[in-house]
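Chemist: For reference, the chains in residue letters:
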Amino acid sequence: MNQECSGECSPRLRQPGASEPLPFLDDLMDFERGRLSRRIYWDSRIYQQELEKIFARSWLFLAHDSQLPKAGDFLTTSMAEDNVIVVRQKDGAVKAFLNTCPHRGNRLSFSDAGNARSFICNYHGWSFGIDGALRGMAGKELFDASGMRPQEHGLHPVAQVASYKGLIFGNMDPTAPSLDEYLGDFRYYLDVLLDMDGQGTEFIGGPVKSVINCNWKIPTENFIGDIYHALWTHDSAAKAILGGSVSEVYKEDNESYHVNHKGHGWEFNLDTVGNAATLGDKEIRKYLYSIQPEVAKRLGEFRSKMIGSISSASVFPNMSFLPGQNTFRVWQPRGPGKIELHTWTIVNKSAPADIKERWRKGAMLTFSPSGIFEMDDGENFEFSTRTNAGFMTGQQDLYMGLGAGSALPDSALPGNVHHNQVNEANHRAFYRRWLDLMKARDWTEVPERDASRLPASAFNHPAPEVAAP
Amino acid sequence: MNAATELVCAPETTARRLEQLLYREARLLDTECWDAWLALVAPDIHYWMPAVENRRRSDKLGAWEPGRGAYFDDSLRELSIRVARFKQPSAWAEDPPTRHVHVISNVEVYCTEHPDEYRVYSNFVNYRSRGEADNDLLLGRREDIWRHASGEFLLARRKVLITQSLLLSKNLNTFF
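Chains as they are written, first to last, in the working numbering: chain A, 1 to 469; chain B, 1 to 176.
Keep in mind that a hint or two might mislead.
[Claimed, not checked] Derived DMTMM-like pairs (lysine to aspartate or glutamate); straight-line CA-CA distance at most 25 Å: (1) A/Lys338 <-> B/Asp95; (2) A/Lys349 <-> A/Glu202; (3) A/Lys338 <-> B/Glu113; (4) A/Lys70 <-> B/Asp95.
[As the list claims (entries may be wrong)] So the derived list for chain A, only partly shown, Cβ under 7 Å to chain B, looks like this: (5) Leu51; (6) Gly92; (7) Lys209; (8) Leu242; (9) Gly244; (10) Ser247; (11) Val249; (12) Lys361; (13) Gly378; (14) Leu435; (15) Met438; (16) Ala440.
The set of hints was computed from the structure by calculation and includes no laboratory data. Idealized CB from N, CA, C, for every residue including glycine.
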């Protein structure tokens with residue numbers, strides 16, 4: 001499943017000397033008391049260290065396999081503030097490079113996506129193969145006479161590139177654990193999104209890119225575990241599309257959970273179609289019910305009830321999605337108070353074309369810049385950030401203690417399991433991971449709190465039954 | 001463009017009427033007269049505002065096309081749902097209200113192969129202000145089909161092309 005970068009490319013990516021961790025990190029949060037300092041959203045020193053200690057060594061989402069079907073297909077995206085080219089190789093592997101010419105530093109590709117046989121810098125015409133190698137330049141003989149060795153001046157590669165069931169990730173740190181290790185047992189839950197029927201997923205209807213003036217952690221928190229806001233924030237959208245309020249998840253005696261593992265988290269109940277219902281399209285609900293029995297055979301009854309249920313999830317640090325609404329997004333940081341939101345719609349490859357189209361439009365109507373749900377989220381995200389510009393406001397603490405005592409240590413489910421999806425257990429787990437990374441000089445100093453228990457075979461599901469001819 | 005030179009200009013009175021209608025439409029949006037705006041829309045409306053991608057000129061896929069990413073790709077049902085949200089007292093992001101201005105210009109009105117339908121090109125400037133410092137500026141070009149039926153003109157098709165590929169706003173809480 002993995003497509004690891006060959007080790008020889010790593011030295012071309014010079015690593016930063018690890019900065020000294022900030023001295024006040026432990027003052028920023030108290031997990032026992034559910035306390036979080038507002039400084040994490042506004043302090044530019046914290047942000048600068050996040051770029052190094054979170055983003056330059058975590059696995060960051062780059063692309064979906066379906067965006068790069070052919071050799072030479074590429075897209076440009078970012079890993080935090082680093083712009084990168086992600087390109088399909090002739091052998092089917094995917095490589096990623098800093099999107100900058102190593103000669104004088106100009107941006108290399110100005111396209112969002114396309115197909116290329118080479119990348120040519122606009123400045124002096126240096127030409128690079130899709131494998132990143134420097135192929136040629138004007139006046140090559142002068143460089144030869146200068147003793148320049150072209151093989152030493154290829155594009156700077158992202159240190160590690162790997163994929164999990166269609167999602168391609170990159171990591172700038174050659175010493176980071178493998179993607180499989182990084183995702184760990186959270187893959188048990190990711191399979192609900194990525195592996196319902198063994199035929200995989202694809203991206204449609206994207207990317208749609210917009211700017212929100214908020215700290216990147218606020219939307220990540222929102223998706224990792226905050227169903228609590230939906231009842232109030234999204235009342236107008238629910239009434240507009242459903243004719244009634246958001247279901248009172250916190251009052252209902254439904255079986256629901258917060259689960260987290262290595263800083264990733266998923267909140268969910270088991271109503272199968274609760275999220276999908278907010279699209280107001282019964283064909284999508286019918287589709288989910290129609291595939292549920294097969295999903296149950298593949299992933300078990302429990303996970304088959306998660307495929308479109310009231311739920312949301314984030315993968316540390318900045319990738320999120322909503323099962324059922326099928327919006328998939330990355331919150332790209334652009335300074336402590338600003339993000340670029342990149343969104344796509346993710347669908348089962350095997351879904352009928354009509355169902356895919358309904359999802360593309362449904363996600364657009366609900367969770368996109370024009371979406372009736374997202375409109376109210378954006379306001380919350382921005383002002384939960386901007387209030388902290390006030391010097392004294394920024395010194396105050398926030399509450400993050402909801403669901404203390406809700407842990408289910410004996411649960412058979414993977415990860416840290418808490419009962420009741422109205423909870424802040426996943427927020428606390430996200431910040432536990434954040435703190436561990438911010439305090440670590442390198443990966444060897446990151447404590448292993450959530451050892452994976454599931455064997456690799458747990459993610460290899462039986463092949464779908466082939467219908468008799 | 002060649003396509004434009006082949007177009008036949010609509011009669012002066014029709015052109016004038018449709019131009020006035022575009023101004024009225026802008027005023028309805030600026031004053032949040034959502035139902036009156038919706039009443040200008042034909043039952044078979046296709047209201048489309050594609051997302052814009054940066055692709056090289058040689059890339060046949062182009063910057064946008066049907067079926068790709070979009071901000072609006074709506075029928076009357078979706079437009080009605082959006083209007084229904086604007087009207088909810090719990091639409092928190094609209095209260096206190098956003099102040100809107102739509103400036104319409106570059107209006108061209110042409111006949112089409114259907115005697116009751118007119119192709120109308122226009123440009124817009126949309127400026128939105130919220131609270132104290134939230135100001136969003138968006139400019140774009142529109143390509144409409146307005147249909148004459150029972151003495152009224154109804155908007156049957158609208159394509160909205162904005163200049164931004166990265167939308168520099170957190171939302172689009174209006175129509176264009």
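Chemist: Against each hint, give a clear statement of whether it holds in the structure.
Modeler: Now for the hints, and whether the structure bears them out:
1. With a CA separation close to 23 Å, the supplied pair lysine 338 of chain A and aspartate 95 of chain B stays within the 25 Å bound.
2. A distance of roughly 6 Å separates the Cα atoms of lysine 349 of chain A and glutamate 202 of chain A; the hinted pair therefore holds under the 25 Å criterion.
3. Of the pairs offered as hints, the one joining lysine 338 of chain A and glutamate 113 of chain B is violated, with about 49 Å between alpha carbons and a cut-off of 25 Å exceeded.
4. Proximity of lysine 70 of chain A to aspartate 95 of chain B is assessed by CA-CA distance (about 48 Å); at most 25 Å being required, the pair is judged violated.
5. Annotation: leucine 51 of chain A was flagged as interfacial toward chain B, and the flag is violated, the nearest CB pair being 20 Å apart, outside 7 Å.
6. Hint on glycine 92 of chain A is violated. Least Cβ distance to chain B is approximately 22 Å, over the 7 Å limit.
7. Residue-level restraint check for lysine 209 of chain A holds (minimum Cβ-Cβ distance to chain B is 5 Å; threshold 7 Å).
8. A distance limit of 7 Å between C-beta atoms decides the matter here; for leucine 242 of chain A the minimum to chain B is near 10 Å, and the interface restraint is violated.
9. Hint on glycine 244 of chain A is violated. Least Cβ distance to chain B is approximately 12 Å, over the 7 Å limit.
10. At its closest, the beta carbon of serine 247 of chain A sits 15 Å from a beta carbon of chain B; the interface hint therefore is violated under the 7 Å criterion.
11. At about 17 Å, the closest approach between the beta carbon of valine 249 of chain A and any beta carbon in chain B exceeds 7 Å, and the interface hint on this residue is violated.
12. This hint holds: lysine 361 of chain A has a C-beta 6 Å from the nearest C-beta of chain B, less than the 7 Å allowed.
13. Against a cut-off of 7 Å between C-beta atoms, the interface hint on glycine 378 of chain A holds, since the closest Cβ of chain B lies about 4 Å away.
14. This hint is violated: leucine 435 of chain A has a C-beta 29 Å from the nearest C-beta of chain B, more than the 7 Å allowed.
15. With a least beta-carbon distance of about 27 Å to chain B, the hint placing methionine 438 of chain A at the interface is violated under the 7 Å criterion.
16. Because the smallest distance between the Cβ of alanine 440 of chain A and any Cβ of chain B comes to about 33 Å, over 7 Å, the interface hint for this residue is violated.
Of the hints listed earlier, those the structure fails to meet are numbers 3, 4, 5, 6, 8, 9, 10, 11, 14, 15, 16, in rising order.
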